[in-house]
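Participant: One line per chain: the protein sequences are A and B, in this order.
The numbering used here runs 7 ahead of the 1-based position in the first sequence.
The numbering used here runs 7 ahead of the 1-based position in the second sequence.
Any given hint might turn out to be false.
A pair holds if it fits inside one copy or across any two, identical chains being indistinguishable in the list.
[What the hints assert, rightly or not] Here are the simulated EDC-like cross-link-like pairs (lysine to aspartate or glutamate), alpha carbons at most 20 Å apart as the crow flies:
1. Lys236 to Glu30
2. Lys236 to Glu300
3. Lys19 to Glu113
4. Lys249 to Glu190
5. Lys23 to Asp198
It should be emphasised that the hints constitute simulated quantities derived from the structure, not laboratory data.
Predicted model, so just to flag it, every value in this text is computed and none were measured.
Number of protein chains: 2
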Amino acid sequence: MGEFSIIDRYFKNIGKSRQEIIEGPGDDAAVVRMGNAEWTICADTMVSGVHFFDSQDAFDVGFKCLAVNLSDTIAMGATPVWAILCLTHPDGNEDWIGRFSDGFHELAEKSAVSLIGGDTTSGPLTVSVTVGGQLYGPPVLRSGAGVGDIIFLSNTVGDAAVGLKIAQGEYEASEMDRKACLEKLNRPNPDLSYVSPLCKFASAAIDISDGLLADLGHILTASGGVGAKLDLSTIPMSHAAKNYLTSNGQASENWQTILSGGDDYILCFCVPRNQIENLETQFPNIQLFRIGEIVEQTGIEVQNASAGLILSQRTGFDHFTKNEL
Amino acid sequence: MGEFSIIDRYFKNIGKSRQEIIEGPGDDAAVVRMGNAEWTICADTMVSGVHFFDSQDAFDVGFKCLAVNLSDTIAMGATPVWAILCLTHPDGNEDWIGRFSDGFHELAEKSAVSLIGGDTTSGPLTVSVTVGGQLYGPPVLRSGAGVGDIIFLSNTVGDAAVGLKIAQGEYEASEMDRKACLEKLNRPNPDLSYVSPLCKFASAAIDISDGLLADLGHILTASGGVGAKLDLSTIPMSHAAKNYLTSNGQASENWQTILSGGDDYILCFCVPRNQIENLETQFPNIQLFRIGEIVEQTGIEVQNASAGLILSQRTGFDHFTKNEL
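Chain A on its own, in the form it takes in the complex:
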């Protein structure tokens, strides 16, 4: 049974429904009214051997466990304020914990987030972080995408997935590409400058953690079963990701790495067509990669205009339908 079915079956509607809870489980973060303000609360767990390598530099682990939660918070249009850290470590090794603490601190300070508490216990290496973020407008949910809205990304996709291939010895990259991709994999860098533009102009948003196609799919489903049409030639990719594709002959499974690989921690968001000019005028300094639009027909259709190819994915988001390429 997958994670989403477990949450749906066993962890929805648990406890008392309360008027303070604006949004419960199911989006990037919950939304709670506290006093006269609305706050987002989200949490993510990272397990050694599952989400990071046992041998990983603890600095990266400390950095990333906060980063993934900041990414969720920003995707809601909220400004992260505080974090709670639950760290389980086998032996309390001080070198490891010192490096971990340094990594956490570096990103927390840079993002103006305060570590306010948590728990340290003995046990298998596991990190859970909870982050509270303040909303200065209505939350940006996954559910607001409308037909005709334009789909944007905030940054390049696929680098972290290529980084994982490199780390696992499945792809040999140049030293420069190796460094760039591992940096993206190990130290994702959520960009706070998107909070205001999302709040003001996005109809829907999500942070990409499980791959572009899967996470865009969550927007489509939450928005009442609309679809998306993407143009492959507009997908923003780094040189390293392009090199990966080229050196592998642009085979379908390598496009899959780029479009369905996880750990990007960038933003995917939709903006109503008539708001785009305002968005661009008011926020001239943020990157806006236009990759497609919301359409009526369900599923995701990925067109490759330059090559005249169509790669369709209408039946779900778990698998790429290779034979349609």
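Following the hints, complete the assembly by docking chain B onto the known chain A.
Facilitator: Only chain B this time, still in chain A's reference frame:
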């Protein structure tokens, strides 16, 4: 290196100090101003094989991982409102997760707490819960105890520690005592009716998770190095705990089980002498076990008036000084 030194050295002053943060790490919960209200945020982790038995009924695990956080929240004088759950489970076994969810739900519903989100991942069985609680007055900290204040407990101590002895086969109890102590160990039941009395009258409070002497010690240290004088004959104990002491000849190490055993999840709090009548008048329906008073001399002195014994603990809270009994 112990948990408290790790927190002091590596997890204090991490990230940005922000004006919203009223209390950072170090008390039962952090205190954050959110909008025009103050909220407590706390978190606790439970690890299989460390905090509960691998064979434990998952209902108990679900119940207890919320209970320990409600206990922290109440000890701050706050009313718990929402919870975040991070569950790592090796195989997503549905029987286990269903029972766990039922246990969590039972206490959440009873306590009017709403589960608003979290994360489920694959890995070694570990549960981290974060709870947010609303404050309707100033938080009750550990640091406010003053010389002359009277020390109270909200309930009997030692039952959970005796329960652990029973579960580990170190003590053979009657069937009735066994049941009572295991219930206390596995399903601690934080009492929300103490929130208002603590808010109104307590100068300091803590929830007892590491044993009465250790946790009272945290109050004494946080309150500027005052001490406590307790009367052993007034320590509230259940029949089961008394039977444990009697059947073991009241030896010092068995008193240690009662006074230093963990997992009680009851409240220890101090009330200024001149407020006690008001407390008793305004809250006639809560249990108040008066066990001693705050004194100037540091450390904890435990007197046994009836037996004319003095058991002194002036050097720290990690060990009971057996030879002084």
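Participant: Each hint needs a verdict: does it hold in this structure or not?
Facilitator: Evaluation of the provided hints:
1. For the identical chains of this complex, Lys236 and Glu30 are neighbours neither inside a copy (29 Å) nor across copies (49 Å), given an alpha-carbon limit of 20 Å.
2. In this assembly of identical chains, the alpha carbons of Lys236 and Glu300 lie at most 20 Å apart only when taken from the same copy (6 Å versus 72 Å across copies).
3. Taking CA atoms no more than 20 Å apart as the test, Lys19 paired with Glu113 passes between copies only; the shortest distance there is 14 Å, against 35 Å inside one copy.
4. In this homomeric assembly, Lys249 and Glu190 come within 20 Å of each other (Cα to Cα) only inside a single copy, at 17 Å, whereas the closest approach across copies is 60 Å.
5. Within a single copy, Lys23 and Asp198 get their C-alpha atoms only as close as 35 Å, which misses the 20 Å cut-off; across copies the closest is 17 Å, which meets it.
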